[in-house]
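Visitor: Protein chains in written order, with the numbering used here: chain A, 1 to 431; chain B, 432 to 800.
Simulated from the structure, these hints should not be mistaken for laboratory data.
Just so you know, even glycine gets a beta-carbon here, dropped at the ideal spot from N, CA and C.
Heads up, a few of these hints could be off.
Claimed, not checked - Over 12 Å on every C-beta distance to chain B, these chain A residues come out as not near it, computed from the model:
#1 Cys171
#2 Val214
#3 Ala331
#4 Tyr417
To be verified - Here are the simulated lysine-lysine pairs, BS3-like style, with alpha carbons at most 30 Å apart:
#5 B:Lys502 x B:Lys486
#6 A:Lys303 x A:Lys216
#7 A:Lys375 x A:Lys83
#8 B:Lys486 x B:Lys685
#9 B:Lys685 x A:Lys111
#10 B:Lys502 x A:Lys111
#11 A:Lys342 x B:Lys502
#12 A:Lys375 x A:Lys407
#13 A:Lys303 x A:Lys183
#14 B:Lys787 x A:Lys423
#15 A:Lys279 x A:Lys134
#16 B:Lys563 x B:Lys661
#17 B:Lys787 x B:Lys719
#18 A:Lys131 x A:Lys342
#19 B:Lys505 x A:Lys342
What the hints assert, rightly or not - Simulated coverage check for chain B against chain A, where a stretch passes if three residues somewhere in it have a Cβ under 8 Å from a Cβ of chain A:
#20 496-502
#21 547-557
Here are the chains, one letter per residue:
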Amino acid sequence: MSLTTSTKFAQPLPLNTTSSRSKEHKLLFEPFRTNTFLGSTHKLRCFNSLSKSNLHRRSAIVAVSDVVKEKKSKSSTNLLITKEEGLELYEDMVLGRAFEDMCAQMYYRGKMFGFVHLYNGQEAVSTGFIKLLKQEDSVASTYRDHVHSLSKGVSARAVMSELFGKATGCCRGQGGSMHMFSKEHNVLGGFAFIGEGIPVATGAAFSSKYRREVLKEADCDHVTVAFFGDGTCNNGQFFECLNMAALWKLPIVFVVENNLWAIGMSHVRATSDPEIWKKGPAFGMPGVHVDGMDVLKVREVAKEAIGRARRGEGPTLVECETYRFRGHSLADPDELRDPAEKAHYAARDPITALKRYMIDNNLVTEQELKTIEKKIDEVVEDAVEFADESPHPPRSQLLENVFADPKGFGIGPDGRYRCEDPKFTQGTAHV
Amino acid sequence: MLGIIRQKVGAGGASLLRTRSAVSALRSYSSAGKEMTVRDALNSALDEEMSADPKVFLMGEEVGEYQGAYKISKGLLEKYGPERVLDTPITEAGFTGIGVGAAYHGLRPVVEFMTFNFSMQAIDHIINSAAKSNYMSAGQISVPIVFRGPNGAAAGVGAQHSHCYASWYASCPGLKVLTPYSSEDARGLLKAAIRDPDPVVFLENELLYGESFPISAEVLDSSFCLPIGKAKIEREGKDVTITAFSKMVGYALKAAEILAKEGISAEVINLRTIRPLDRSTINASVRKTNRLITVEEGFPQHGVGAEICTSVVEESFGYLDAPVERITGADVPMPYAANLERLAVPQVEDIVRAAKRACYRSVPLAAAA
Ligand SMILES: Cc1ncc(C[n+]2csc(CCOP(=O)(O)OP(=O)(O)O)c2C)c(N)n1
Ligand SMILES: [Mg+2]
Numbered sequence: 001m002s003l004t005t006s007t008k009f010a011q012p013l014p015l016n017t018t019s020s021r022s023k024e025h026k027l028l029f030e031p032f033r034t035n036t037f038l039g040s041t042h043k044l045r046c047f048n049s050l051s052k053s054n055l056h057r058r059s060a061i062v063a064v065s066d067v068v069k070e071k072k073s074k075s076s077t078n079l080l081i082t083k084e085e086g087l088e089l090y091e092d093m094v095l096g097r098a099f100e101d102m103c104a105q106m107y108y109r110g111k112m113f114g115f116v117h118l119y120n121g122q123e124a125v126s127t128g129f130i131k132l133l134k135q136e137d138s139v140a141s142t143y144r145d146h147v148h149s150l151s152k153g154v155s156a157r158a159v160m161s162e163l164f165g166k167a168t169g170c171c172r173g174q175g176g177s178m179h180m181f182s183k184e185h186n187v188l189g190g191f192a193f194i195g196e197g198i199p200v201a202t203g204a205a206f207s208s209k210y211r212r213e214v215l216k217e218a219d220c221d222h223v224t225v226a227f228f229g230d231g232t233c234n235n236g237q238f239f240e241c242l243n244m245a246a247l248w249k250l251p252i253v254f255v256v257e258n259n260l261w262a263i264g265m266s267h268v269r270a271t272s273d274p275e276i277w278k279k280g281p282a283f284g285m286p287g288v289h290v291d292g293m294d295v296l297k298v299r300e301v302a303k304e305a306i307g308r309a310r311r312g313e314g315p316t317l318v319e320c321e322t323y324r325f326r327g328h329s330l331a332d333p334d335e336l337r338d339p340a341e342k343a344h345y346a347a348r349d350p351i352t353a354l355k356r357y358m359i360d361n362n363l364v365t366e367q368e369l370k371t372i373e374k375k376i377d378e379v380v381e382d383a384v385e386f387a388d389e390s391p392h393p394p395r396s397q398l399l400e401n402v403f404a405d406p407k408g409f410g411i412g413p414d415g416r417y418r419c420e421d422p423k424f425t426q427g428t429a430h431v
Numbered sequence: 432m433l434g435i436i437r438q439k440v441g442a443g444g445a446s447l448l449r450t451r452s453a454v455s456a457l458r459s460y461s462s463a464g465k466e467m468t469v470r471d472a473l474n475s476a477l478d479e480e481m482s483a484d485p486k487v488f489l490m491g492e493e494v495g496e497y498q499g500a501y502k503i504s505k506g507l508l509e510k511y512g513p514e515r516v517l518d519t520p521i522t523e524a525g526f527t528g529i530g531v532g533a534a535y536h537g538l539r540p541v542v543e544f545m546t547f548n549f550s551m552q553a554i555d556h557i558i559n560s561a562a563k564s565n566y567m568s569a570g571q572i573s574v575p576i577v578f579r580g581p582n583g584a585a586a587g588v589g590a591q592h593s594h595c596y597a598s599w600y601a602s603c604p605g606l607k608v609l610t611p612y613s614s615e616d617a618r619g620l621l622k623a624a625i626r627d628p629d630p631v632v633f634l635e636n637e638l639l640y641g642e643s644f645p646i647s648a649e650v651l652d653s654s655f656c657l658p659i660g661k662a663k664i665e666r667e668g669k670d671v672t673i674t675a676f677s678k679m680v681g682y683a684l685k686a687a688e689i690l691a692k693e694g695i696s697a698e699v700i701n702l703r704t705i706r707p708l709d710r711s712t713i714n715a716s717v718r719k720t721n722r723l724i725t726v727e728e729g730f731p732q733h734g735v736g737a738e739i740c741t742s743v744v745e746e747s748f749g750y751l752d753a754p755v756e757r758i759t760g761a762d763v764p765m766p767y768a769a770n771l772e773r774l775a776v777p778q779v780e781d782i783v784r785a786a787k788r789a790c791y792r793s794v795p796l797a798a799a800a
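Using the sequences provided together with the hints, build the complete structure.
Guide: Pasting the structure below:
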């Protein structure tokens, strides 16, 4: 097999020691195909060997990798994207970049507070994956979640207002920078603790499968994409979920945004085998390594992985090699990363790269791209104005949303539920 | 200055002999008004204990090359090398367990949590491997380990990063839970924690790291140590007792100043240790003032204040002239928006108001936010 230099992949190969059982698997595979969910462990084991479809996928991924390389080197024929797709990707990446640059300004002006982690440099990953998703598909993010939310369709106004701590934010100012949620757009949340988004995302994938197979919602083919960093891949929750996702063939894509650093901890200093993609096959799923600074390559790999999940063929682990152009958060002095390393990746800016691709291939004109940039500047300006003018959350909001059923606050001295007292939300709960 | 020393000598019986020479040295220092930040106090305590005992080592995320997420371990990697200042991957369950295992086998690990919020991923080892082993093994396996890092609300970091775990850990037998406020506390208690043969949960506060406090020569002496389980009376008073720990001690002291102007003399107790709780100091104070306000940033239910109330009801019920009041964080996850966040954590005014109520002064209704 021939691999491109920038896209590596690996498949879970059937272990030699299980060769006698794999025959049995083949026999059992088809009859249980439509009813794999939570059956006996015997059945589950059968489906996880997946030898047939693995071999199939394996060739498919090789093909993708080669296509990416081949097509890139060719001229205007056989392009990887249409003009419309290219413009959509470009607009999304420019939005991500401009939004985050604005956040930095607003943070320094005291409009937002706490920990603010920006996504600059990693746009190709968010755009490459999320723009392929349907609204019903879910995304789980980390504390670096503004851009994932934007890509998934949450408006710049709603994200900016959230960051300003305003009532018009996507979580009414209750969540903040690290905790973006949108039920409408199926953003499952920004999770501030390392690794915790992974099981939650795996649970979302579990529910898709459950709805289809137990609740018989035949059209429920929703896919979940979990984004997390290289440093997170040393956390046990990552391994636990790779296992369960493969074991239960859940419709999920694990996307590692390997930006080579976890705050000031270099990936190679933290990880015994730094090739994260290799951990996929160890758990029985494909592992792919892709150049995360190239949105077209990311997109090709994403298509394959999302399609696989949607078809019910199980999870994929994708390692995107990327880089953050700013410090870990706006509070990070960022003193440990080598300037040469920064320069190396700065030269591979994913936005510039897409621009070059589209212009070189006569997909778009400079002018068309300028128009997009101008439009995005306006969107971001508008988001700031909107956020600035929006009201602060009212005092009553402090006690709202603690419970779905506020009877959880218990019964008051008058024998009625405290929440039924119209004055309940006017004081703080206890002080 | 001398007042502080007198207290220290009184409080820290064990350190009396060791510090006697330092006391005389202090006199020349005191006029100079030496100050130290809590950050430097913690750093120097770590440094001195590592230098005194090669079994002491520090592990955690970013403690080495990055010099600590909050720079508490600054310079230690350079001084003690990567074998004793270990940068770990982001795996709290893993490295905490490894720390506990090392403590079983005679080392003295100091495990830094970047913040105590992340200790949630390691709580199994803190509770089940560290706190219970001495008992389960009938004293064969002691666990001399320190878990330290910032605890509680910082500012603007939202619900997951703003949780006070004092009452959680304090509810577990086998753990000792320390909550320093000043630089003196930080130095004396961290040294005590590292020297202690049992697992200690050491709860710092991010917002105090940069704060400077006056510090005496006695406290600066490398032999300095504070007793675990002993509270400190930060300010003497006769009308109402206010208990607090960590950052809230500062608030209680501010409230006491305001109250003094209005003729109410408040006694402020810096708890220093949450477990074992210094019940006798608290009760002695309440028997004198007959009124009690407890202050903490954590949630009200099953909080530290609840435990203090119980102790006072059990031991000094007949001395109480007013209902005990608990000032706590609001009973909600921490909101992000600055105006809501302010409503969710105790403010100096809340303490003042509660103290006045306890002293039967009329209190204007709280202004709406
Ligand atoms: C359980 C836990 N431990 C520690 C932290 C503190 N922390 C926040 S981000 C981070 C580094 C994460 O690095 P990586 O997974 O590579 O993601 P990146 O920030 O590079 O996107 C750490 C240690 C945390 N949020 N949660
Ligand atoms: Mg990283």
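Visitor: A separate judgement is required for each hint: does it hold in the structure or not?
Guide: The hints, checked one at a time:
1. Cys171: violated (8 Å)
2. Val214: Holds, since 31 Å exceeds 12 Å.
3. Ala331: Since the minimum Cβ distance to chain B is about 10 Å, A:Ala331 lies within 12 Å and the statement is violated.
4. Tyr417: holds (15 Å)
5. B:Lys502 x B:Lys486: Satisfied, since the Cα-Cα distance of roughly 22 Å is no more than 30 Å.
6. A:Lys303 x A:Lys216: The hint holds at about 26 Å.
7. A:Lys375 x A:Lys83: Judged against 30 Å, a Cα distance of about 18 Å means the pair holds.
8. B:Lys486 x B:Lys685: Since the Cα atoms of B:Lys486 and B:Lys685 sit roughly 41 Å apart, the hinted pair is violated (cutoff 30 Å).
9. B:Lys685 x A:Lys111: holds (29 Å)
10. B:Lys502 x A:Lys111: holds (26 Å)
11. A:Lys342 x B:Lys502: holds (24 Å)
12. A:Lys375 x A:Lys407: violated (47 Å)
13. A:Lys303 x A:Lys183: Holds, because 24 Å separates the two Cα atoms, which is no more than 30 Å.
14. B:Lys787 x A:Lys423: holds (24 Å)
15. A:Lys279 x A:Lys134: Since the Cα atoms of A:Lys279 and A:Lys134 sit roughly 28 Å apart, the hinted pair holds (cutoff 30 Å).
16. B:Lys563 x B:Lys661: holds (23 Å)
17. B:Lys787 x B:Lys719: Holds - the C-alpha atoms of B:Lys719 and B:Lys787 are around 17 Å apart, at most 30 Å.
18. A:Lys131 x A:Lys342: Holds. A:Lys131 to A:Lys342 sits at ~27 Å (cutoff 30 Å).
19. B:Lys505 x A:Lys342: holds (25 Å)
20. 496-502: holds (count 3)
21. 547-557: holds (count 4)
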